[in-house]
Each structure stands twice: as C-alpha cells, then as structure tokens.
Amino acid sequence: MPNSLAEPWYNSKMNPVIEVKNLTKVYGKRSNAFTALKNINLTINAGESVAIVGKSGSGKSTLMHLLALLDKPTKGTIEVDGVESTKLKARKLNQLRNRSFGFVFQQFFMNPNDSVLQNVTLPLKIAGTRRKERHELAEKALKTVGLSERVKFKANDLSGGQKQRVCIARAIVNNPKILFADEPTGNLDSATGDKVIKLLFDLNRKKHVTLIIVTHDEDLAKLCDRQIRISDGKIVEDTGTKAVKAKTTKIAKETKTKKGTK
Amino acid sequence: MRFFETLRTANHNLFRNKVRTFLTILAIFVGSFTIILNVAINSGVNAFIDEQTAALGGDNFIMLMSKDSAAMMSEQMSASTGPQEFTEKTNTIGVLSDTDLETLKNIDGIDADSFYSPTPLNGTGYITSSKTDKKYNVGSAMILPPGNFNIPLAAGTLVDQTEEAKQKNQIVLPPEYPQALGYEKDEDIIGQTITFALKDEFDGSFKEFKAEVVGVEANGIVSSQFGMLLSRALYDEMYTFATKYYPANYEAPTYYVMATFDNTRFTEDEIKQAISDAGYYAWTINDMMGVIRTFFDVIMIVFSIFGGIALLAAAIGIVNTLLMSVEERTREIGLDKALGMSSGRVFTEFATEAILLGFWGSVFGVIVAMLIGNAVNFAVHQPGAFLEVFPTFELFKFTVGNVLPIVIIIMIIALIAGTAPAIKAARKNPIEALRYE
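The listed protein sequences derive, respectively, from chains A and B. The opening position of the first sequence corresponds to residue 1 in this note's numbering, with each subsequent residue numbered one higher. The opening position of the second sequence corresponds to residue 1 in this note's numbering, with each subsequent residue numbered one higher.
Extracted from the complex, chain A is given alone in its bound form (with noise of 0.2 Å):
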C-alpha cells in the first residue's frame, strides 16, 4: 500500500515478487535435447504489469509455466516472495501456488456441467476453506467481475466472455498477488475482449495485482507497464526499468492532481 509518495508501492527494488536468475529450460535427453529457454534472467515486481511476447515456439508460455511453478527448471533459480522455489516440498509448493497465484487460461478450462459458483469455489475448495467461507468470497469476486446474477448457471450456459469473466473470479476468488493470464482474450471478440481486458487492468491498478499476461498480441501487450519480448529461448527485450519509472510518474502525477483539487 503506498504510504507516502516518494515510497510508490510497487517500487521495484523494494518488492521483487519473482526473481529468476540463470534460468534453462531443457526438454528431452541427449539427442533429442530441445533446450526451450536459455540463461534467463528476470525480476517481476510487486503491482507490475508484464506482458511476455513472442511467436509460438518462442518458450514464452514455457517462462509462464515456469514462472507460475507448474514445471521445474533444469538449471537456475527462481525465487517467488524471496523463496527460494526448487527447494520447497511438493505441498508446499502446492500451497503457494494456491495462495499466491490466480490463472486465466484461453481456453477457459471450466467444469462445463458445474455451476458458476462451484467453478469460481475450485480454488478454496482445494485449499480447504470452509463452505460457507467459500460462498462469500466467491460471492465477492464474481460481482467484481459483474456476474453476481449468474452465481446459480451452469457454466456451459454462458457466453465466451462471460466464461472468460468467470475465470477472472476463479482466479482472483483466493486474493492472489500474482495473476497469470495465458492469452485471456485469445478465443474472444475484440468487443468481449476489451471488456476482459479492462478487468484485468483494473485488478491491476485497484487491487494492486501483479499481472503477467502471455501473448502475442502486441495491442494487448502494449497495454502493459512492461514487455518482455522472448525469442529462441531467449529474452530480446525488456522494456523493464522505463516502463516502472513511466508509471511511477504517472501515478504520483494522478496522485498530485487529486491533492491539488482537494
């Protein structure tokens, strides 16, 4: 939370959030070795909006599962809130990922036959949290993402960009710091998309979010405080610094003029 101005929230040396230092990717053995990402090297920080671009192929959605820790990198670290992840247990990991992140996926990854409800509940179901609990909270996020009314459908009778929004209110049911969305307008009309895509964002700046978004559509990506452009396993360009310090003088200017008009 920002308490003062010249301590911005998000100010990056303060709160990494993800450091990844060293990082390779090797899919395969010996001759069939594919090395998917090589000698990364990358920090996330708190309230930061990234966009990780490239082509298909590129290993963007590999740095995403990676980042997320839903698969191990073959050399390097990645720390996630200064933990060292490659040295957690498996139910630990299992519970950070629980906590900390929330993911929107392209293709929804919904349970069609179930309702709203028990789909934006996955999340605390399986953290162990209790129904009633359950039912608030799921309650909150969906009318955050303005579908309080559809808590009773079932999920197959939504539209795209309603399953789409449902998604945000899984992913956000478990407050996480870190929003992973992979191509979250991918299946959707620029119309609907538009709408996913300022919920995202407003996450972002209202609820200070983090949001690492994959993708190769560069409008979207523009979007984001910062590009991480990937390409052949590597990075080729990260818009980093300049887009954190873009933002910090956006945000004290917002912050100066409200003062100023109060």
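Note that these hints are calculated values from the structure, not bench results. Everything hinted at is true.
Distance condition first, Cα-Cα at most 27 Å in a straight line; then the derived DSSO-like pairs of lysine-lysine:
1. A:K154 / B:K18
2. B:K18 / A:K152
3. A:K125 / B:K18
4. B:K424 / A:K89
Everything numeric in this text was worked out from a predicted model, so none of it was measured.
Put chain B on the given structure of chain A with help from the hints.
Same frame as chain A, but now just chain B:
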C-alpha cells in the same frame, strides 16, 4: 479437504456419467448379490443346524450303540440299496447289557453321569381330545431326557423338571398334533387337557389317561427323534399299565444310550475311534447333520464360484470406468493440480470414487438379496413347499454380522481395482494435462 467434502465431490463426479456409472454398479451388484445370498444361506443353514444341535444338548452329544445296531441303521438309512440278503448280523438289534454299559462308561472322555437311555412306550394306543372325534397314533413317546436339552418349541414350555411338577401329568406334543386335535394355533392347546388311550392286550379294552399340554415342539430334524415328551408321573402311570402282563422282574432292554463326551479334551473323531476300539459304535451330531450339510455345501460352493467370477468381472469394470473417467477429466485434473491440488488428493478422489462404486453396488446387492431371500424364505414355508415341515429353518438369514463384512470386502476390492486409475490420475502433469485436447 475434509472427509465429507471428498465423499461429496467423489459422488458428484461419479454421477456425471450416469449410464456408465450405473452399468458399473450393476456389475458389482450382480457379484455382491450372489455372494450375499450365499453368505445368507450359509448363516441360515448353520443357525438351523446349531438349533438342532442344541436340541440334543450340544456338540458333545453322542449316541452309543452296538455295532450290529449301527450296521442295521445305516442299512435302513441307505434307501437305494434294495432288499438285502439275510445275515444274522444285519438283522440284529444289539441290546446293550449292563456289562456293555460299564465298558462304555469306563472309556476315557465319556461322561458316565450323562448316560441316559430313553425307554419308549410300547403298546397300542391313540391320542385324542374333546375337540375332535378322530383318534391319532401316538408314535414314539418318552420322558424328556435330563440335562441340557434345548428342544425348539413352537409354543409353551418344556415339561417342568422340578420334583413337584414331575408328579403332574404333563405332555409336550410333536408338531402338527395341535391342529389334528382340533386347535387352530399351537398356542391354543397350551393348558388344555388331552386324552391318551392304551390298549389292554388281554381284554382289548382301552384305558384312558388325561394329560395337560404344556408345550408344542417346533418342526426340525430332531423333533422326530423325541416324539411326545411326557412328565415322569404320566410316563410311569402308562408304563405300569403297558407292562402289567410282563414278568415281575421284566426290565426293558437298552438299545442305545444318549451321552456326552468331554469335547475340550477329545475331538469327535478321537472319541469315535476310542468307542470303536472298545467294540461299539458312536453316532454324533455331525453324523446326523452330515447329509444336510453336504447338500448345502454344494450349493454354497456353486454360489461362491459364480459370485467370485461376477466380482472379478465387476473389478475389471471398475478399472475400465475409472480409466475412461481419468482420460475424460485429464484437463480438469490438470487445472486442479495447477491450482495447487496435491497428487495425493487427486489419488484420494479417484480412490474414493472406486470405493463408492463398490459401496453402491454392494448396498444394492444387499437390498435386493434381502428382498429376494426373504421372499424365498416365505415361499418355501408355504404348504407343499420343501421347507414346510421345518418352520424354524430360515433358509436365508441376513444379519449385520454377515452382510457388513461383505459390503466392506467389496469396497476394498473396488479400492484395489481403483488404485491403478487413481495413480494414473495422480501422476498427470498439470502442463501436459492442460495442453491435452
């Protein structure tokens, strides 16, 4: 996740594909139904045999007789042998002399105090009541043997064994006599007075004896062994009359002796061997029950084989159902794991589904087996049906003790069958699973 949560989720997932789940449950149902009927008939037969055994005083009951008598008895019992050539041996009822009885009493393991030799009433006689004009044969009649004889009764009590009561003329009737004597229900004749008549062999007249009915025997294998049970007073009165033309020093011959042996020290075979070595023959409860046991053992073996094969098929059905389910739900498993579900819990959920399949299949098996078993129990005791004469013989006996273990065993079999699919589900890699089309 808490226990009920897991159970509810598993049940919910199970009934997503209703037809497939139903068919799998049906397969388990066939196996459990067969096995539960098998166990029930086993319990029913054993309970009946136990009851009949208790009527004779328990497992340690033996009947002692000469080898000649035994040979004649087995000759008579094997009906298919046809007329046998005369030899003195096979046509002699061996009478046990006082010396014989002494020898038998001295065999180690036989309880000398338990010796009891019932003397049946001989003579021509009939039984009737004030409610009927008809007269009926008496059949065999004897005093209730002392000791731990637990004859199953349809109504009333056994003849009182107290000294005071022995002075009264009391009788316990064999099955079906109450109806013949004009009473609708067995209970109705209790406390009523009936009439015995014995023929005076010299002048052809009939002498009447009055007796109070205190009990009615239930039908069973051994009730025919006892016939009418008389109180000491009634027996003595009738015996004196029946033997009044006999020589003064007449003593009824002893054909066989009922006794007990020490079954804590000797097995049945050991005591039989010892008696055989001494030159006599012993007939045990198991000899008596052997025929009925063999008959039902065959039924049970056949049932068990069918049930086992059905369960094996059902177990393969469970494996198949769950493997299909794991494939269908690959993405869902991937999502669950991405959202932090542990492999252990994925395993637990699928294993729980397997257990639930076993549970539902066996519960339906129990319910239908109980419905059919009890219907058969009812049907076989109808007039003309094969167990009509044994009203206490519950052919299919269902108890918590015999049904619950079957349900649990089937659930365990289901769990074992579900293990491979559950491991397959637990091993799914979330990334691979989410990529799966």
